[in-house]
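Enquirer: Those protein sequence lines, which keep their order, are chains U and C. Position one of the first sequence corresponds to residue 1 (the UniProt record's numbering), numbered consecutively onward. Position one of the second sequence corresponds to residue 1 (the UniProt record's numbering), numbered consecutively onward.
Errors might be hidden in some of the hints.
To be verified - Here are the simulated lysine-lysine pairs, DSBU-like style, with alpha carbons at most 30 angstroms apart:
# : chain 1 : residue 1 : chain 2 : residue 2
1 : U       : Lys165    : C       : Lys210
2 : U       : Lys249    : C       : Lys249
3 : U       : Lys317    : U       : Lys165
4 : U       : Lys114    : U       : Lys27
5 : U       : Lys234    : U       : Lys210
Claimed, not checked - Every beta carbon over 10 angstroms from chain U, so not counted as near; a handful from chain C, in silico:
#  : residue
6  : Lys27
7  : Gln87
8  : Ser134
9  : Gln339
10 : Ser343
11 : Leu368
These are computed hints drawn from the structure, not numbers from a lab. Using N, Cα and C, we set each Cβ at its ideal position, and we do this for glycine too.
2 protein chains.
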Amino acid sequence: MSELRGRKILTTLQEDGQLVVELAEEKLPQPTGHEVVVRVDAAPINPSDLGLLFGPADMNTADYGEGRIVATMPDGARRAMAARVGQAMPVGNEGAGTVVAAGEAPEAQALLGKTVACVAGGMFAQYRTVDARSVIVLPDDATAEQGASAFVNPLTALGFVETMKRDGHSAIVHTAAASNLGQMLLRITQADGIPLVNIVRSPAQVALLKDMGAEHVLDSSSDDFRNDLVVALKATGATLAFDAIGGGKMVGQILHAMEQVASEGQDYSRYGSSSRKQAYIYGALDTGPTILNRSFGFSWSVGGWLLFPFLQSLDAKTLEGLRARVRDNLTTTFASHYQARISLDDALKRDAVMAYNARRTGEKYLLLPNG
Amino acid sequence: MSELRGRKILTTLQEDGQLVVELAEEKLPQPTGHEVVVRVDAAPINPSDLGLLFGPADMNTADYGEGRIVATMPDGARRAMAARVGQAMPVGNEGAGTVVAAGEAPEAQALLGKTVACVAGGMFAQYRTVDARSVIVLPDDATAEQGASAFVNPLTALGFVETMKRDGHSAIVHTAAASNLGQMLLRITQADGIPLVNIVRSPAQVALLKDMGAEHVLDSSSDDFRNDLVVALKATGATLAFDAIGGGKMVGQILHAMEQVASEGQDYSRYGSSSRKQAYIYGALDTGPTILNRSFGFSWSVGGWLLFPFLQSLDAKTLEGLRARVRDNLTTTFASHYQARISLDDALKRDAVMAYNARRTGEKYLLLPNG
Chain U
1 MSELRGRKIL TTLQEDGQLV VELAEEKLPQ PTGHEVVVRV DAAPINPSDL
51 GLLFGPADMN TADYGEGRIV ATMPDGARRA MAARVGQAMP VGNEGAGTVV
101 AAGEAPEAQA LLGKTVACVA GGMFAQYRTV DARSVIVLPD DATAEQGASA
151 FVNPLTALGF VETMKRDGHS AIVHTAAASN LGQMLLRITQ ADGIPLVNIV
201 RSPAQVALLK DMGAEHVLDS SSDDFRNDLV VALKATGATL AFDAIGGGKM
251 VGQILHAMEQ VASEGQDYSR YGSSSRKQAY IYGALDTGPT ILNRSFGFSW
301 SVGGWLLFPF LQSLDAKTLE GLRARVRDNL TTTFASHYQA RISLDDALKR
351 DAVMAYNARR TGEKYLLLPN G
Chain C
1 MSELRGRKIL TTLQEDGQLV VELAEEKLPQ PTGHEVVVRV DAAPINPSDL
51 GLLFGPADMN TADYGEGRIV ATMPDGARRA MAARVGQAMP VGNEGAGTVV
101 AAGEAPEAQA LLGKTVACVA GGMFAQYRTV DARSVIVLPD DATAEQGASA
151 FVNPLTALGF VETMKRDGHS AIVHTAAASN LGQMLLRITQ ADGIPLVNIV
201 RSPAQVALLK DMGAEHVLDS SSDDFRNDLV VALKATGATL AFDAIGGGKM
251 VGQILHAMEQ VASEGQDYSR YGSSSRKQAY IYGALDTGPT ILNRSFGFSW
301 SVGGWLLFPF LQSLDAKTLE GLRARVRDNL TTTFASHYQA RISLDDALKR
351 DAVMAYNARR TGEKYLLLPN G
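Extracted from the complex, chain U is given alone in its bound form (with noise of 0.2 angstroms):
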């Protein structure tokens, strides 16, 4: 191939506190082996991309330059992110786009020309050099703007389906319901007949997702959430939460909500029921403490759930149905919607940052790295 140049976002934070975002020019090596060079034409923005992007840094007061932009890291945030100062770390776990060059390997070379999404890292760049046998191959007729969030989204909602099962719950109840992952997980069970209790956090969101059929959706704005909640709980029997939220009180509030359903009608224990409540936190919507008031006994669990150590537990056969399932339905189950579609020098700008890193609920932002 001839030479191959592009550009990518780079984020560095330094030794003195300062976080600099900026775009910089890149020379790709010829590919060997089973690498290949993907032109990346969509990459999704995800919540998970701007904790390594921007993190708790104050974008607000931040020097938008041409290209870079210079903001100050909280103090207690460079202590926990020590390990990456003084790294130009690139950003953008997936996207789509075409294999424009390949190594000499068969699997590299049936590649070239095709439309492939990956989940390599670094995909906030005009061009990614990615294993071959790590990418999904989309339909023929799929556009990379149709595969650019085939894997995090929809294998998220997808282990979290799995992860019930294996758990022994049979329902599942999830916050901030409304997103692109949420609307997945609700056409997932509606396809699969799993019970599922929506929390969302306004009217017009509830109205989107009863829209799109679904029966429990409760509005944690509301004055009747805490009732609503233990009404749609008993109806599900849903002692499985999965929160994309992390701070504040919501969390408590499920697990008391279903520890309420589980003795009702039971002798009274001042142990709580013997009913096995289990929360995950997958995200960090807010990034204050998680503040669990104790009032559901001692039979329960909270912790962190992440797709990458989720899917290394899975075996290789459940894992391709679960990759094939999505490739299968990547424009019915597995659609994405985005608020709007940014250049690379868009996404430096200061209107684009302040819109995209407000992290609103179903408000995701798609890169078009060579648009």
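Please arrange chain C on chain U, whose structure you already have, making use of the hints.
Expert: This is chain C only, laid out in the frame that chain U set:
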């Protein structure tokens, strides 16, 4: 047998929110089948008993009459305790005494005159009818006082070690480690060669455990606590904690320090280390909320731990092994120490209640119902 009459402590939460704790007379029916009647000679007042006996009622402003206390239960607690309203509940998880009457079954008859320990509930009484098959027969030279705490603390401490093995950890962190339970856990781990990090709350408690030969004893009131914790976790490799406190930030601090140790020398990952960090909350010395800052990635879990469900999860052989170990080491590994001994009458007097309900670590009271 001649007719047996005795007194026992009952606790009743009334409809009007008043908590009544009183002495009541009872006539015990002739035991039948496998039943035996135990004359209770000694019963420890454990934190778990206090939860049922008084809960969060205000014992400071209570009315102390002759053999009868009337206290006010806070509104929030009343709602949580709705299932016990109107029921006169016996108290006292465990205790020991002499079998004075027995049903016709050979297993019951064989116990006549023996000193036994039981975990039948309702042990704050002069007499208690229990199932002959559920008791531990104490060695001939053991007193009831030595066997009074043969169940809850010993099996809890042994249960921590079993849980450690089951969950794949190799060392333990323990809070409120100067308690009777903590001292037992120390002796068990010394015998078994398991690294233990003891967290206590005063220099005097540090001295107590150091005198017992403990290697890692940390004072959470010390300015150096955070650093000391990291050093001890590094030395022991502990990724499992058992916490008696419940409320506050301690559990989160422990997980944070575990994550610090796990991340050292690793590449930065915004998802945290892959080290599985587990904390079990088994007590509620602080009934306030558990506050988790989640500064420890996504590979963590916090949950409740309770003795009886844990015992039920064991196979019969393992359980009998644990009970035999307790019986064989009753006056050494599993010895308990008591701050004071009190009668049933004294137990309902203001001074005694204020003292034993303070739940100070290492200041356990022993009830002598026939003393």
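Enquirer: Hint by hint, which ones does the structure fall short of?
Expert: 1, 7
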